[in-house]
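Could you use the hints to bring the two separately framed chains together as a complex?
Single-letter residue listing:
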Amino acid sequence: MLKIGLDIGSTTVKCTVLDENNKLVYKVYERHYSQITEKIAELLRKLRRELPDADNALIAMSGSAGMGVADACGIDFIQEVYATRVAANTFLPNTDVIIELGGEDAKILFLSGGMEVRMNGSCAGGTGAFIDQMATLLNVPIEELDGLAEKHEKIYTIASRCGVFAKTDIQPLLNQGAKKTDIAASIFGAVVNQTIAGLAQGREIKGKIVYLGGPLTFIPQLRKSFDKSLKTEGVCPENSLYYVSMGAALCAEKTADLDEVIKHISVYRGSGNFAFNKPLFKTQAELDEFRERHARAKIKRGDLASYTGRAYIGIDAGSTTVKGVVAAKDGTLLYSEYLPNSGNPVPIVKSFLEHIYEKAPKIRIAGSAVTGYGEEIIKNAFSVDIGVVETIAHLTAAKSFMPDVEFIIDIGGQDIKCFKIRGGAIDNIFLNEACSSGCGSFLQTFANALGYSSEEFSRLGLLAKQPVDLGSRCTVFMNSSVKQAQKDGATIEDISAGLCLSVVKNALYKVIRVANPSELGKRIVVQGGTFLNDAVLRAFEQEMGVNVIRPEISGLMGAYGAALYARDKTSSKSSSSILSKEQLGSFTHEIRSINCGGCSNNCRLTVNTFSDGRKFIAGNRCEKPVTKKSPDESMNIYQYKLRLLQEYTPKPGRLGRIGIPLGLNMFELLPFWHTFLTRLGFEVVASPFSNRKLYLNGQQTIPSDTVCFPAKLIHGHIQWLLDNGFTSIFYPCMSYNFDEHLGDNHYNCPVVAYYPEVISANVREIENVKFFHEFVGIHRPKDFPKKICPELQKLWHDISLSDVKEAAKAAYAEYESYLEKIRLYGKKIIEKARKEKKHILVLAGRPYHADPEINHGIDKLITSFDVAIVSEDVVSVYEKKRSTGVLNQWTYHSRMYAAAEYVSGFKDMDLVQLVSFGCGVDAITTDEVRAILERHNKIYTQIKIDEITNLGAVKIRLRSLLAALDE
Amino acid sequence: MAELVYDKDGRLLFTKEMKKEYTILFPMMASIHFNIIKNIFARFGYKVELLETDGPEIAQVGLKYVHNDTCYPAILTIGQLIHAVQSGKYDVNKIALLLTQTGGGCHASNYIHMLRKALVKAGYDKIPVISLNMSGMEKNPGFKISIPLLRRIAAAGLYGELILSLSNQVRPYEVNKGDTDALIDKWTKRLTIILSEGHGFKRTELAKYLDRIAEDFANIEIKRVPKIKVGVVGEIYVKYAALGNNNLERFLREQDCEINLPGILGFAMFKVDNRMEDYKLYGGSRAKYLVVKKLMDFLTDYETLLINSQEKFGFRPITRYSHTKELVKGVVGYGSKMGEGWLLTGEMLELVECGFENIVCTQPFGCLPNHINGKGMIRKIKEKDERANIVAIDYDPGAPRVNQENRIKLMLAVAKERLDKEKEEFGTV
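Chain order of the listed sequences is G and R.
The first sequence begins at 312 in the numbering used here and counts up by one.
The second sequence begins at 3 in the numbering used here and counts up by one.
Treat the hints as calculated values from the structure; they're not laboratory data.
Simulated crosslink set (DSBU-like; lysine-lysine; CA at most 35 Å straight-line):
# : chain 1 : residue 1 : chain 2 : residue 2
1 : R       : 331       : G       : 1120
2 : G       : 1081      : R       : 386
3 : R       : 282       : G       : 1105
Bound conformation, chain R alone (with noise of 0.2 Å):
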């Protein structure tokens, strides 16, 4: 067995012996990108587990162990790993859990040091607990991210992002019900097989497997006929993760909508970009300045070619994230930028645009930035655009579906009222 390390401060290292012994835990958010990076992790020497786990159980557990004023998706997603740990199915001598951290000044930040409590208190505190995160918090010998499985790590989430986008747009209009979701499976197990050969990382392989998933994608037979298009935004747990949404995207899809998730690409760029805004308000080290642009470069290169792909294949590309940004002026400031900050405005902006102006803003209970970036702007958005439909649902343990439900149907109600008038206009489209 793995011998027990600890640092200076008294935290619990994960060991490169626990690398070959240890199960990595953690928890589900986007299934469609986490289903593809998980396999990554594997060809470099990690054994990890995505928790599809799902049921109420999760939110209790969360519940006992987290503080209950924290925001929803801690109280979920520690509570998943929690709930994964008591479940008897793993040796609890041999498992670790993952989190990321994102080092901003919301509390996501904390969610490490929320979930080592929650141990402690659960009495499992010999389980290491991983940070993934970008800034250089919380070393772990046994854990590295290196360049080579960051590179992998991005390519898969590119394909996420592709995959994502165009199931969306295929899915409520394809003639054969499930074509779209066994296109999401062929092309996950796919690209499971090619990364873990060693391929489809480099840039040229990535331009053409995008291409062929669009191209896939446009081949599933499709009869367009109008629909209520609705957005998605909020904060990124609750936005994508249906255990944190009570299935929004099941829900949605029930009502017959077109959905629109803007992806997580956009985050990522907005969590590099906040460096390099940091340091044009506030000023700082040029040299850290440039070296955190040539990544936004590299990421806004990654975007181009998803765009590529898009365009080529007759489908609606995703918005670039400087289009994203340059909507956003003068409505809320780029300083904003603890949790989604100014993005999750900005994307009701650009869903607006490109004509998803019926808007979900999930908001989990005690999420302080959507406060402001959220709730703190419809108002504004209306102003800006009053085709604007936009309804702010609260996610809590406690917060019934039915209400949830019947408040995004009044949202519905009125798209439906305006697509109604749409076709008498123009006809059938």
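Isolated chain G, as found in the complex (with noise of 0.2 Å):
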């Protein structure tokens, strides 16, 4: 009898027969573009039609995308991951693992020595749908990708963990200049890494290695990069697509009625009762009046050929757009352009700027300015006058549109930018930093993948009936939920139209986390490419119950912005530096990459030579390789701690070498466990500062993919030395960290307080050192020494309480002498400050955030701007206990609070708060300073960090505050 196995993935159906020897006798794998039902009917259908026999045969259904479908037809559902499992023992039997990546799902599957399968979680970084995003990046098709990796020279480090960083990593590379052939070699790293770091999670992937699935199989350079990193050879075998279809083929052992199913499959429009919003229009007249209304906006136009007087040129240089414009003296808008932009913003500028020169060979350029992420390249490669904050030329263009603006909000391709007026100046900044859900490169790849250009995609939108509610969170989850919808018969133009407004929830609620419109005021005006998109602007509306201004040059603004902004800002009497045709036409560029070596950053340096010589270097995160010179630390309190850190040296003693992971709270209480343990007769070795390399040897031990990035990199530091030889480790657990009297309570966070044990759970080898891990509270000095004392004595049996007791009482000297050294520091940068009439931050998070792979210099490129640098900790001694509006009962966390009390009371001091990615401590945290912060009319800065290294939102940010405060 014949055995039928369909395999429903998630962009894909894969449809096989197998003969009663299991011989592979029929075999169909096409694209589904999300029409599910109508795609496995036309398949069944075919089949029959070629394989006369295929009625009545057994049959059962796999895959992500399949379990509702084989419910409602009656077919077997196999889980797909089994059904590799069986098709591999029947197949290939002896192999040892399976690497099988799919459209939105990457698995492992060790098949020796204690079966195990590991999924990907609710993370779809490393999967056929992040390749594709990036192959759309880069704008080249999948293929080519493969043909680009084969050619690289070397590899960039991208963030694997997520599409959206990894986005936020290649476009700084492509804009600076980077080759595409590097970049796409850089891909499939990060897709390899994603695969080990995220899955494997410490199981060595060794012996007979297979390779599965559409990417493994169509791209044979990802196949390389993973042979390379696994170091070994796998093979992608024959069929390598059909194995979960085989799978369930083997697995089948109900019989159906072809024609039975067929028919439910055809009927089968799921149960209909997905959650939707109401519409966004109910009728066309309703669409009518809203056009009509948006209409309005316009603005005055001129011919550039004509114009004689002066003119401005702007230019934004965004992640996926460039935009240039050219404005006369009183505004009026004399030429504009918009391009996609394909990675290199650089020759698209030089076009637009020869278009001018061809249509207006007499303009007179009186100014110029370019803003964006590209600003630098462009102000650099074409001498542009200024560099503007995008913050800046936003508020600018709006201004012309509605003098009184009370906000603004900007959604662009892949970043949203919303800001709040006070009193014409800009007062609070928001922006998309580590999620770039609700972004209009979302809707653009969704639309594509579903086959529709992006325009025509949200039109289907505008009067859907029912839009889906998709939630608001990420863009990935959201790929999962509108599959759910569709199987639950959700139309596209329901799909749409949710999609449309979870973009919007997701700049209101997550981004700007509002809760109602008066927050924000009535006067909106909206801009960005993305709320060209009618459906968007009425979502838009709809959720905040406002009317709102879209200019008609919605997409524009940020160009036009600069225009008036270089308006505004040269004298009348001046001329443009930037290049002019005849410089023009000589121009040339030319792209080297380098490592810097400056310093242990050891930045990816991207060296761009324009034609006259003119160098442009990129990636750096400190001034150091432009200028030769070290940047000035000594207004930095991050460089000081550091230096003070490394005082700690290892001095020979009688109970041999002990390691201590610089990470979490060790990182602070160095000087404590370093005494304590010299004074006990221990040569003490602190693992170094972070940097990528230390982390990457330490991630396949990870077992959460979803804690923080500093908890991460403890296990690089473990690797680190267990790498260095170490038999013994000190790293405690601890609940509770000093009592500093500045809250209720004095714990460490959850993550602080118990990784020892993840540590002592999951990294194999600790097993054959002394791991020392106990629970010990150095928040009770007396109590201390006895506590610990008989833990040590179970390890080292040559250790005394006496011993103990004089060790502590070193230990808790040094301590506060040490704190005390970084206050005193501290007061000394703030009086130089003062002197020099330099503002102030306060860069405000924990003490381990200045471990420099951690806060990604940071603080480097604050003091870059002339700013003194202080931690929470040198303010907040200057403050008491006050009342919060949260249970305050985390040690570092109360400093912050304090910091954020202390600094209201000075005009030239502000914070910044640095926050980690995914840490839930700190959404308690953020809320609370900001409202300490917002009751004394401070302007609220903060920093998201990960495993991110653009530095680019981070400066546009800095810029803004910087900006508003000069103001």
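Listed below in structure tokens is the structure:
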């Protein structure tokens, strides 16, 4: 009897038929473009035509999108990983490990030595969808990506956890002129990293390895990348696309009448009970009224060729598009271009300028300004007069449409920028940093995936009857939600409208976190390319309950604002330094990448050389490679902290070497533990400050991929100690931290408190060393020696209580003196800054945020703006416990509340909060710190940090803050 | 109308006057326990209403008023409360909201503050919020957990434990579908009457009624067939609340599994025991230690009562807290106390030991302790006992049910394969 297996994946449908000897007699592989049921019915009809015996065959269904369908038409459903395993056991005996990548899932199956299956959790990084997304970003078909990767010379570090982060890594690389070949290979490297780090979780991948699934079948370079990383050569077997469906066939136990199945599937429209919102427009008349209202936000236009006055050029080199405008002195728009940015903005801007010179050879350019992601390279390449931060550019433009604007929201290709305006100046800025949900590029990718252009797609939703409620979290999750809704019977119109609503909800509730419109004011200007989409605009008005202004040039506002800014900032007599027609004629641009090596950051630099020998270096985190000088560290407490910690060097002792992982709470407690253990007779060595390599070396033992980055880094530190032959490692658990009397309690956060337990349970090699990870209570100085002594004696017999008591005394004293040194230095910085009339920023986070790999050099970036930096612990000591709107129970966090209170008393001080992505505790602290600052009319600035190494967003925030303070 | 009174820190108090006039709303978690408990409050003069609302709007309301990076249980419980406030069903000038507060180092201790912030944001800052806690935080003149009230709550909780445990043991095998649920209803109603008439909470009466319940469940007609046995552990809210775990229990039932949810009694004992462990680990007042120990002895006695009744009528008894604690030794330290702490790890070990080696570990977004004691310990548990077949499931407002169920199905497929193998080896059991 024949056995039919169907595999309904997230993007494709596979169908195979096996005969009684399990020989593959029939196979089909097709994309379904989310028309799942139609496709299945079509395939089955075809199958029947070609295989008359197919009727009454055994049949089973599998695949991530097949669950509901299978139930509905009475076919058995086989879980897809399980199906793969069954197929592998039959067709590929002796396989040890299977790596299978699909459209939206990634799996590793360990077959030998304790069967185990691993699937990606709620993260879609490192899957086919991710590769698709990246190919779209590079503007090349997938096949070409493979060819490109083959010719790579170097690999860049690209965050592998999420497509969103990878994008933020790749975009600057592209803007800075990195080669596509290298980026293509780096993308594959990221996929490999993600699969190994996210799924293997400490289990070694070795033996006979088999690659299955679409991406690994179609992209040889991806397989090579895996081979290289696993130091082995895996095989991609014949029919590698069909293992799930063959597995389903092998598991098939029930026969089915295909007629019946086809009939069921054709009528299967899901249950029709998906959650939905009210329609965007109930009637065509409503839509017409809406369009007419918005058509009124017009701009005065003029003719470039016949204009004779002073002209101003504004360029907005955005992440996915480049916009350029020429404005007249009175703001009349003379000329504009809106072009897709396929990676490198330089040639696009060049042709934009050429067009201007062509159309108006006699133009008098009096000023020029550039904004956006590509600001620096464009400014350098074309000698643009002014670089202006995006927020200021947008505000300038918005004011020309609504002088008393209170709130501006700009949704672009992959970023959301919103800001409140108070008294004509920017008061509060919201940017999406770690998340691009709710941006235009998502809508576009989705439209393309469904076979529409994005304009077509969004038009579909305007008159949808039941816009799907898709929630408001990650775009990747939205993918699955969309699939679910389709299965539940949502139409393409409903989905289109639903996606537009999600974009708006994400912006409002995730980025701005608004509860009701009155908070934002009534005078709202919306802009950015995404708002050109009527459905998004309507969803926004509906959600906010107010009518807003969308300027006719919504997509050009950044560039238009830059032009107006150039006009306002240049004197009327000057002429622009922007390249003339002749200079443009001989313009060349060469790109080279090198490693800086100037410090431990070891930045990958992109050196751009232009026609007249001018150079522009990108990718640097500090000014060193540009100015050849070390940055001024005298006004930077973060650097001072690092210097202080480095003074704790090992001294030989009778008890031998012991290692301390320098991360989380051990960072600030190093002086304490170093002194304590040295006094006891150990030679104490701390692992070095983190770097990328150290992180990667430990990542395969991280059990939870959603824990914060500082915690993940601990694995690297432990691995460093193990690799360096330490046989004793000291990393105690601590529920409580020191009581600094600033809060209701003095806990550590749960991750800090118990991370040693995670190390103990997940780093296999730790079993071979003396690993001290007992619970200790340094918050009770009297009890501490008595309690820790017996625990120490279990591992080191030669320690006495009197030794411990003495060591503890010295440790407490050293810790105090260490903190005192920091406070004194901080005081000096503040005094010096005041003398030099410099602004002072309190960069507030946890002590371990001083680690250069965690803060990615944000401290140095800040000092490059000629601002002094102190940390929260420098000023928190001047405060007493105050009542807060939250339960103030964590030592490190109490300092931040106190620092916020302190800063509020000084005009020349502001606070910037560093927040770890995924830190649930910070959900509480950020709201409270913001509340404290806003109560005192201070601007709250938050920087989210993660594995991500792009400082672009951070720069925008800080420059906007400084610009706002300047006003 | 009751006067609004604030304490020195500006906290709106729940006054004695309000006790008379106001209805107290509180969010649902474990339905069997909570349904019995809510009626006790009525006997003590409170008007309470347990929120049983459902649907995606609740998460949406939560996301609107609570910081989106907060843990998922906060978004849901606060969402459910605000959703109720906004529903128009209640006079907003005559309601108070109640939430539990543990006072530990995880941010569950801050729910109450997040709720207040949310209320301000939504324009309801005149609604008092009551903290239900055992640490003496946030006192209110109109709301006191007195010893008599506490004893009744403890009794109701204990009945809930028994009914939860027995119904899960019987339901999969009942011959007449619906018998078990009918019995749960019957006993919920009976216990409500018994407790509100002032009976059923003294030790002897407890033993009597526990026996009667067990006897009734033992009388349900069953047919034993081999079924996949699945344990559920995790952060306490998503473990029990159908709203939090997308109705996990129902899904597992539909997959024809026998479910085992380690109870709330263990969690209560864990929280009490933590204070003793703190004393042992870090030192402190001996007198306080002895008071806490007394409370621990009291709970242990209740545990014994429960186990006695289960054993008497041939049911699988719950695992003793002390035994679970023993199992954890060498896996994770007793100092790991925030959230569910080491108990979460312990419950997984206990389940594997008693034949429920297939486990769903529910992990809500943003739950920090779970990184340590849930996902963080799975490797070690498997190392200790290779039968362990654990799947960790993430719950958050955006995680689609279909993906969660797909992952659980994978775990079930492996379980089924083993079950089939056992059936082959031993014939039909």
